[in-house]
Amino acid sequence: MALMSCLACGSQVSKQAYACPKCGHPTPAAQAHYERLQPNRWWFVGVALVLLILAIERVSPELLTKIFGGLGL
Numbered sequence: 001m002a003l004m005s006c007l008a009c010g011s012q013v014s015k016q017a018y019a020c021p022k023c024g025h026p027t028p029a030a031q032a033h034y035e036r037l038q039p040n041r042w043w044f045v046g047v048a049l050v051l052l053i054l055a056i057e058r059v060s061p062e063l064l065t066k067i068f069g070g071l072g073l
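Residue 1 is where the sequence shown starts when you use our numbering, and the numbers rise one by one after that.
Bear in mind the hints are in silico, worked out from the structure with no lab data behind them.
Honestly, I wouldn't trust all of these hints.
Said to hold, decoys possible - Pair by pair, the computed Cβ-Cβ distance ranges are:
hint	residue 1	residue 2	range
1	Phe44	Tyr18	19 to 27 Å
2	Ile56	Pro26	33 to 41 Å
3	Gln12	His33	15 to 23 Å
4	His25	Phe68	42 to 50 Å
5	Gly69	Ala17	49 to 57 Å
6	Ile53	Ala2	45 to 53 Å
7	Ala32	Gly10	16 to 24 Å
For glycine and all other residues, C-beta sits at the position ideal for the given N, C-alpha and C.
Work the whole structure out from these sequences, hints included.
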C-alpha cells in the first residue's frame, strides 16, 4: 500500500483513500473520483427531467400546455 502525506495535517494516508483518517481532508484520489462521477450526474438529471415531462403529459396534457404553452413546443 503506497502512502502519501496529508496536505492538511501531514499524517500518512493511503494513496487510494478519499480522505485523511485523522483530519478528514480530501485527497487527490477523492478529486479524481468526483470528476469521474460528474458527467453521470448530468445524464441522470436529463433523463429524470424527460421522464417527469412525459409523466405530466400522460396525466394532464392541459397542465403541460400551461407550463410550456408559450414556448412553441
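Take the C-beta atom of Phe44 and the C-beta atom of Tyr18, compute their distance, and say whether it sits inside 19 to 27 Å. Hint holds: Cβ distance 21 Å, inside 19 to 27 Å.
Can you let me know if the beta-carbon spacing of Ala32 and Gly10 is within 16 to 24 Å? 21 Å Cβ-Cβ, so the 16 to 24 Å window holds.
Holds or violated: 42 to 50 Å for the Cβ distance of His25 and Phe68? Since the Cβ atoms of His25 and Phe68 sit about 46 Å apart, the hinted range of 42 to 50 Å holds.
Holds or violated: the 49 to 57 Å window for the beta-carbon distance between Gly69 and Ala17? For Ala17 against Gly69, whose Cβ atoms are near 52 Å apart, the range 49 to 57 Å holds.
Is the gap between the beta carbons of Ile53 and Ala2 within 45 to 53 Å? Distance hint for Ile53, Ala2 holds at roughly 48 Å.
Tell me if the beta carbons of Gln12 and His33 are separated by a distance inside 15 to 23 Å. Since the Cβ atoms of Gln12 and His33 sit about 20 Å apart, the hinted range of 15 to 23 Å holds.
For the pair Ile56 and Pro26, does the Cβ-Cβ distance stay inside 33 to 41 Å? Hint holds: Cβ distance 39 Å, inside 33 to 41 Å.
Checked against the numbered hints listed earlier, the structure breaks none of them; every hint is satisfied.
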